[in-house]
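Chain by chain, the residues run as shown.
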Amino acid sequence: MSSGSEAEVTAIGSPVGPSGGRRDRLAAALLPPLMALALAAVVGDLLILAFGEAPREVYRLLIEGTWGNAYGLGQVLYKATTLTCTGLAFAIAARAGLFNIGGESQIAAGGFAAGTVGFLLPAAMPALLAVPLLVLAAMAGGGVVGAVPGALKARFGANEVIVTIMLNFIVLALLNYAVSSHLHVPETLHTPEIAAGVIPRLADFSSTFRGSAANLSMLIVVAAAALLWWYLFRTRRGYELRAVGLQPDAAEYGGVRVGSVWTRAMIISGAVAGLGGINYVLGYKHYYEEGFATGSGFLGIAVALVGRNHPVGVMLAALLFATLSQGGLAVNALVPKQMVDVLQAVVILAMVTSVPEVQRVLRAGLRGVRS
Amino acid sequence: MSGAERSPTSAGSGPTADTPLADELAIRMRGITKFFGAVRANNGAELEVPAGQLHALVGENGAGKSTLMRILSGMYEPDAGSVRVDGRDVTGWSTASAIAAGVGMVHQHFMLVPTLTVAENVVLGREPRRGPSFDRARAEREVNELGASSGLVVEPGRRVADLSVGEAQRVEILKTLYRGARILILDEPTAVLSPPEVEELWTVLRRLRDKGGTVVLITHKLDEVMAISDFITVMRSGATVSRIRTSDTTPREIARAMVGREVALAMDAIGGMIPSPASGGDGSTTTTTQAQPSLRGTDLLAPVPAAPPALELRAVSVVAPDDARRRLLDRVSFTVAPGEILGIAGVEGNGQTALVEAIAGLAQFTGELRLNGRDVAALGVRARSDAGLSHIPEDRQRRGLILDFNVADNLILGRQHHFTSGPSLDRGRIAANARQQISAFDIRPPDATLPARALSGGNQQKIIVAREMGRDFSVLLAAQPTRGVDVGAIEFIHQELRDARDAGKAILLVSADLAEILALSDRVGVMYRGRLVTVLPRAIATPEVLGPYMTGAADNPVDELSIANERATPVGRPRDGGRA
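Each protein sequence line maps, in turn, to chains A and B.
Read in order, the letters of the first sequence correspond to residues 32 to 402 in the numbering used here.
Read in order, the letters of the second sequence correspond to residues 316 to 895 in the numbering used here.
Warning: the hint list may mix true and false statements.
Claimed, not checked - Covered stretches of chain B (chain A as the covering partner; in silico rule of three or more C-beta atoms under 8 Å from a C-beta of chain A):
hint, segment
1, 683–697
2, 717–727
3, 733–742
Simulated from the structure, these hints should not be mistaken for laboratory data.
Note that the structure is predicted; figures quoted are calculated from it, not measured.
Every residue, glycine too, gets a C-beta built ideally from N, C-alpha and C.
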């Protein structure tokens with residue numbers, strides 16, 4: 032690891048004694064998710080046995096149906112791409128001490144913006160121009176939705192938990208209205224196909240991925256994760272954002288305008304969630320459809336918690352949750368696919384009860400809801 | 316030496332000194348060891364206190380005093396060792412049984428319900444009843460009787476929210492006595508009290524002792540130890556290093572036992588000015604005219620140095636965030652010249668926080684604020700810092716440090732914009748800065764990658780001192796710079812402050828510790844209820860002179876204040892001149 036890696040390990044690690052070296056701190060960061068996984072495996076075993084099946088057989092199916100073949104892998108990568116975006120969105124807000132529950136509406140707004148701008152583009156526009164334009168549109172769409180709670184919090188102290196929950200209802204209703212009464216293709220609930228700016232699928236390069244939704248959006252998302260890592264841990268603004276998240280009073284003492292950081296963090300958070308919209312709209316179906324990402328905003332919260340609000344952790348956690356989700360379909364013949372929902376819940380609960388900063392974020396969120 | 320003859324022991328000066336028979340001891344703790352994770356808070360600690368003794372438990376921060384007392388009061392269970400109270404083995408008992416056996420602890424932070432009355436707070440959990448309902452009359456009567464017999468006079472019908480800090484503490488002690496405590500443990504009880512309130516507390520504690528009660532006082536203020544205690548137990552690194560009769564020792568000897576080496580005491584610098592009731596208890600107070608050792612040979616009555624002010628406030632007011640009519644800071648005016656330390660004394664909560672935060676840019680204010688002649692009222696925190704203002708905040712864990720950031724990152728807090736190349740932080744320069752500051756200010760352990768949380772309180776404070784004083788600055792706000800810091804670090808920080816002053820820096824020193832103010836300041840101001848009620852040259856500022864100002868009994872703003880007040884208040888005056 033590079034010279035500055037201790038900074039982020041420290042930031043996500045739990046308090047350590049004076050003797051804690053870098054290795055200890057890394058272990059402190061990695062141990063809780065691994066323990067959570069182990070616990071989930073035990074609970075999974077018990078569940079599978081309760082259904083009268085052999086755990087080994089079910090897990091074999093689960094792996095084969097996901098990482099074991101190109102289609103399954105493609106589906107995992109596709110789902111992980113969306114979850115990485117909503118997870119990163121929650122993570123960066125959490126790093127600034129904010130509890131962004133608005134991922135649902137932010138990703139929808141991002142997909143809507145990309146889809147709408149996309150079908151308005153002239154068909155002749157070269158992809159090299161159209162794709163960046165639509166990516167920016169998606170980020171702008173999510174960013175606008177994220178900016179509202181950020182600015183309200185900075186200006187009036189409005190609690191971001193309540194505002195983002197309310198905005199979920201308002202924004203989704205508005206988008207539904209816009210699509211169903213003005214923009215939809217007759218007989219459907221989606222917008223017209225985009226004219227330019229399609230992101231190629233993996234199946235376009237290799238026929239083994241045929242049928243899977245995986246597309247090159249994932250490269251853009253990985254780049255976004257790398258950029259966020261750099262922003263958080265290598266720039267002055269990232270330093271200030273993390274300072275605000277850990278101790279707003281100390282950040283203020285350090286000359287940071289806390290309100291501006293909150294607004295900026297929520298804009299970035301919304302933009303990253305919005306970016307998740309391109310995975311479906313530009314990479315898979317090529318149109319915006321109502322409810323295309325339902326649930327991924329909320330699952331992103333779990334992804335960020337398990338990934339410890341670190342871009343690398345978020346990507347790994349997104350892969351884990353995507354594997355469980357796709358694996359649930361693969362094992363459906365032996366056990367109900369809801370079993371993986373239970374496993375997800377076990378992972379989340381184990382993380383929540385073991386990780387100090389998760390507890391801190393939750394406490395802050397609860398305080399906000401009560402006030 | 317008050318009460319020394321009451322001690323049933325003969326003089327001794329070590330842990331092995333001849334001790335009274337075991338069954339005469341109210342408290343006997345032997346070989347107490349307590350681990351928190353890998354940290355050993357107590358390491359074979361010993362404590363022996365006979366009934367009817369005022370016993371001081373002293374030691375640096377982290378020496379294990381509070382842990383030992385929490386074991387005694389049943390909050391923690393020791394990993395090894397035995398605890399006997401009144402000859403009975405009670406090792407590992409619960410707080411409930413400790414209270415039932417008459418062991419009561421008064422914590423540093425009060426645990427009172429502010430909306431309830433004094434009597435309600437005292438009886439809480441043991442309310443006298445008449446039928447199914449609370450017998451208020453009886454509660455108030457009982458509290459009155461208890462107050463009269465112990466000397467802790469507080470009106471039982473008043474709401475706790477309306478009490479002063481000293482009164483709230485009395486309620487806290489009453490609460491403990493109401494539960495039948497005969498062994499009273501007080502954890503740093505004087506931190507929030509003014510000198511007269513401290514005197515009252517001593518009177519109460521002596522009275523308790525004279526009635527056969529046993530008192531253990533946790534403190535690290537040596538003047539208190541000398542003033543009140545009969546016997547002293549000194550702890551260092553979790554172990555008992557010394558057990559001494561107070562009349563047989565000196566502050567210097569105690570300090571050496573606490574730290575393990577020779578230290579310069581703040582009290583030395585002011586020539587033992589803190590009045591010690593133990594040495595002059597019959598009312599012959601120290602005279603204010605006694606010759607003062609002048610710190611830098613300054614003229615006795617030179618009030619303001621001739622240099623133009625580096626920091627200037629004119630009628631600066633701050634209102635409470637939730638109530639615009641309540642002034643936290645009320646038209647405060649003063650100047651601090653280069654090469655001068657202006658000390659601000661006063662009981663905490665009288666506007667000192669608002670004063671410092673207004674100057675630093677952390678609180679909105681009205682009035683004029685000049686830094687080296689330049690009006691900085693409109694500037695933000697960062698711009699004021701760039702204009703030469705350094706700030707050691709009073710609450711280092713809330714304001715001064717990001718505890719989860721590492722030492723290197725904390726050493727640039729507030730100046731992070733000077734450690735960049737483009738949008739990126741310059742990691743190389745941050746690391747170089749950390750290396751240099753860690754060695755210059757002797758921050759231990761010398762590892763810039765540790766989170767600040769992992770360092771001791773004294774070393775955390777050194778991070779802040781290094782950051783704020785190890786850079787180019789002209790004005791320093793030092794708020795409670797040595798609070799909760801051990802004797803060795805206090806000595807170090809005081810020397811840094813003196814060196815900065817001698818190098819021509821202007822320093823505003825705000826401290827609740829009067830000894831610290833008197834040891835360092837060139838002039839001393841006192842704040843009371845948001846106002847600067849006086850500014851005196853150090854030479855005539857003694858605890859006796861300052862005490863009345865600190866409690867609001869005296870009010871004599873100096874001339875520059877009255878001028879400022881007139882300038883600030885014309886709006887409220889009647890203009891029609893009808894009754895001139």
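Now for the hints, and whether the structure bears them out:
With a threshold of 8 Å between beta carbons, the proposed coverage of the segment 683–697 of chain B by chain A holds, since 3 of its residues qualify and at least three are required. Counting residues of the segment 717–727 of chain B whose C-beta lies closer than 8 Å to any C-beta of chain A gives 6; at least three are required, and the coverage claim holds. Note: the segment 733–742 of chain B has 6 residues with beta-carbon separation from chain A under 8 Å; the three-residue rule is met and the coverage holds.
The structure agrees with every numbered hint stated previously.
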